[in-house]
Amino acid sequence: MSYILLVEDNQDNANMIMHILESERYEVRHYNRGLPAAQAARQQRPDLIVMDFNLPDVDGRVLTLLLVQQLGGSQKAPPIIACTARVGNVEAKLAEQYGCSAFLSKPFAPENLLSLVHQFVMPPSSA
Amino acid sequence: MVPRITRRLQNKLIFAFIVVLLIPTGIISFYSLRTAASTLLQKIGAEELRSLVSQANDIENKLISVKEDLIFLSLAPPTRRYAAVINGVSDPNYIIQDAQIALFRTFLDHSENQYVDFRVVDLAGQELLHINSAGDLIPSLDGQNFAGEAYFNQAIGLPTNQVYISDYDLSRTNGVIDVPYVPILYYSVPLEVDGANVAVLVATVSLTPLFTEMTSHSTAPLYLVNRDGSYLLNPDSTQLYGRMLDNPIRFDNDRSRRDVIAMFGESQGIITDSTDYPDSLQVFVHIRPETQISIRWLLFRVIPISSILGEVNATQQVAILLALISLLVAILVAVLLMRGIVRPIRQLAEVADNVRLGKWDVSVPGTGGRDEIGHLADAFDGMLRELKSIYSELEDRVARRTAELSAANVKLSEAQRKAEEASRAKSQFLSNMSHELRTPLNVIIGYSHSMLVMPQMFKNEPMPEIYRPYLKLIEDNGHYLVGLINDILDLSKIEAGKLELACTTIELPEIFRGVLATATGLLKDKTLQLRPNYPENLPLVWADPIRVRQVILNLLSNAIKFTTTGSITLKAEVTDDWVAISVIDTGIGIPEEARSTIFDRFHQISTRSFSEIIGTGLGLDISKQISQMHGGDLNVYSEVGKGSKFTFTLPIATAEQLEIGRIPTQINEAFTVFDRGSLPTDEVISILLVEDEVSMRELLRRALESEGYIVIDTHDGAQVMELALGLIPHLIILDVNLPHVSGWEVIEQLKDEPTTARIPVIVYTASNDSSRAQTLNIADFIVKPTTPDVVIQAVKKALEKTGDESSTG
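Chain order of the listed sequences is A and Z.
Going by numbering that gives the first Met the number 0, 62 is the number at position 63 of the first sequence; the sequence numbering is gapless.
Going by numbering that gives the first Met the number 0, 468 is the number at position 469 of the second sequence; the sequence numbering is gapless.
Certain hints may be false.
Unchecked claim - With a straight-line cut-off of 25 Å between C-alpha atoms, the simulated DSS-like cross-links for lysine-lysine are:
hint: 1; chain 1: Z; residue 1: Lys523; chain 2: Z; residue 2: Lys570
hint: 2; chain 1: Z; residue 1: Lys795; chain 2: Z; residue 2: Lys750
hint: 3; chain 1: A; residue 1: Lys92; chain 2: Z; residue 2: Lys492
hint: 4; chain 1: Z; residue 1: Lys783; chain 2: Z; residue 2: Lys796
hint: 5; chain 1: A; residue 1: Lys92; chain 2: Z; residue 2: Lys425
hint: 6; chain 1: Z; residue 1: Lys525; chain 2: Z; residue 2: Lys641
hint: 7; chain 1: Z; residue 1: Lys471; chain 2: Z; residue 2: Lys525
hint: 8; chain 1: Z; residue 1: Lys497; chain 2: A; residue 2: Lys92
hint: 9; chain 1: Z; residue 1: Lys570; chain 2: Z; residue 2: Lys560
Rather than coming from a laboratory, the hints here were simulated on the basis of the structure.
Using the sequences and the hints, build the whole thing.
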């Protein structure tokens, strides 16, 4: 069962992202905290992770780093899109170093999110 | 460094000593020797003269004794009888003649051998009798007449008892001068009968015995000069008898006029400064046995001074030797004396050098001495002590000042720390604010945009058209707010010097196309023309593409805002090493007084209304800063009512920059995609650190991070289980003395849970009760207090062990 794991502490944003992705028939599972999300990711491997770095229980970047390692390393682990309200070159560079596959700064245009997700996982409708 | 003494005081003093000693010694010696020499010369001269005069007297006496002999002979009875015979008879009586001959013989027997012969000559000049020195009768030569001879015609006129003595002559035989030469004198006396002279008695006297005796008594060369200048005595025999031998050798020809005058002018004397005999002393005396007779002799002796002064010279040498010895002694004494002076001075200098090098604990040598050096040492010692006290006082003062200064420094650094903290807090605040604002804005923009363009999100339900412009407003203002937030963030970064450029080689036309497309969207319903005016073959520039985009977009959006009709031109041209990018509008223009302040952000903020800021924007200031960070600048040319021209410059990429090449970064502000394969994230080791004490936690975290570990830390024991479950770290370091929760219980929970049971746990505690550690299979047990090193060692050991287990199991 393929799905997208969304880690986002802001419920409104999470709802919107799910709304956008679900409009393309992606299955999205949302966690508003990092640690349960990581447990879930290890138990049921997602196709893609959309991760807010700014999480209440753990640093999203560290979580990304460990998840990439635990889910098979940088070559095999599912791609992780950093989706954060922290912007700038430095932030993007850090995201790259911690093993993210892409960096999307908030606020974003819904179609940008979609086109980015399309780069990694095709929507089930078109599959 | 102790300076090397090249000109020693000692040498100077010794030199001075020698000069002082030697010069007077030399002068005194010179004068005393000279005086001694001249005194000696005078004395010897006088002595010589005395001996010469006595010699002369002897000669005179001898000459006179011969004369007396002749008078005696002329008056003797046989002679008188013979004279009477001569007077009376022309043919002499032989008996009387024999008596006369006998007289001569007897006389010759009893006299010295100076007589060469005796003759008796008659008035006609005929020889009557001739007896030689042996007493033999010599027959007269035929026709021989003595009438022309001086000794005859001078004597014939003399009264009785008067003798004529001739000038010198040389003996001859038969008129020829005998060789060897024998100097002779003729003594002649008249023989008288009854008051009339009847004959002349002539004695020929050889001077040789006299001269022999004279020279034999003289050590120095002896000279006898006749009145005509002929030498009668001369060590050089070839010089003798000038007149008689018809040679030109004469005393007055030989000698300097000065000597001749001196010798003939005085009856006797000493000449010490003759030019003819410069190194000689001469004594002379005249011999005049009879004033009326023709003998006028000059007797002189030449004594070489060297022979006289030999003694003086020897004395002189001794004197020089003595002077040298005394000089040596003097030098020796001087050296010893100088040492006595110089050594203490040198020691003082050494002490001074040591002091200069900071060695204060030195003792001054030679203090308490009674001489000047001792006084100097005392004074030096006093000075040193004073200096020491001044120095220590200075040091105290410096220490005080340093303390004050460091106190001030502490205050200052405290103030600086506070300022930095405030600055950091400000940055953090801005960053947080940005984040907090963006999060809701994401929803606002996202939904308004979705509602406008993504009907599939809303089950394709048609949206009433009347809502569309308002939704658009919501979205635009949302974007505008994001822009403001970005500007504020950029400004704060620029202010903190934290804005970093990601420079690369840029193809400007590519950027221009993107920017113009965006600007077209900003035109909305304005009927403005956007005119691109640049060549497609612009050279590559070295710049941050995102920032360049930001600047151009900012200039374009400003132009659009202030222009209602006409056109906006985006122009680019190459000038030297730069590309000048201009945005030219036909808008309202900027008044001159405002031109200088449009780049000045905070003045505007404080003096103008918010709407005005929106008008010009923070963007111009940021744009100018960004241009300057690229090495260029942003300038404005404007005319009110006609429009404005904003120009900023970017550097053309250099050869090296071109070589670095274009980094293929996707220029898309919306999102960035990375190539994940190039990162070594798989090697990372994560450690969960549980420690309630902040400072300890920070210390350990930093130490572990410096070793390359990823550290997740928490102070809350209650979170440990959740964190461990969520993160599955490679290792857990746990302080068991946690508030609210027992660390041991946490470990028990971890060991009970299958997913976390295998994570090694290092216990870190103040209590050394390790009994539970054994039952709980703890990787390591560290007792506080400890150092990060120990912890790191324990971590390495524990990880090694797990690595082994996982590779074997």
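Hint check:
1. Z:Lys523 x Z:Lys570: holds, 22 Å
2. Z:Lys795 x Z:Lys750: holds, 21 Å
3. A:Lys92 x Z:Lys492: holds, 17 Å
4. Z:Lys783 x Z:Lys796: holds, 18 Å
5. A:Lys92 x Z:Lys425: holds, 23 Å
6. Z:Lys525 x Z:Lys641: holds, 18 Å
7. Z:Lys471 x Z:Lys525: It holds: about 17 Å lies between the C-alpha atoms, which stays within 25 Å.
8. Z:Lys497 x A:Lys92: With a Cα-Cα distance of about 15 Å, the restraint between Z:Lys497 and A:Lys92 holds, given a limit of 25 Å.
9. Z:Lys570 x Z:Lys560: Distance ~19 Å between Z:Lys570 and Z:Lys560 Cα, so the pair holds.
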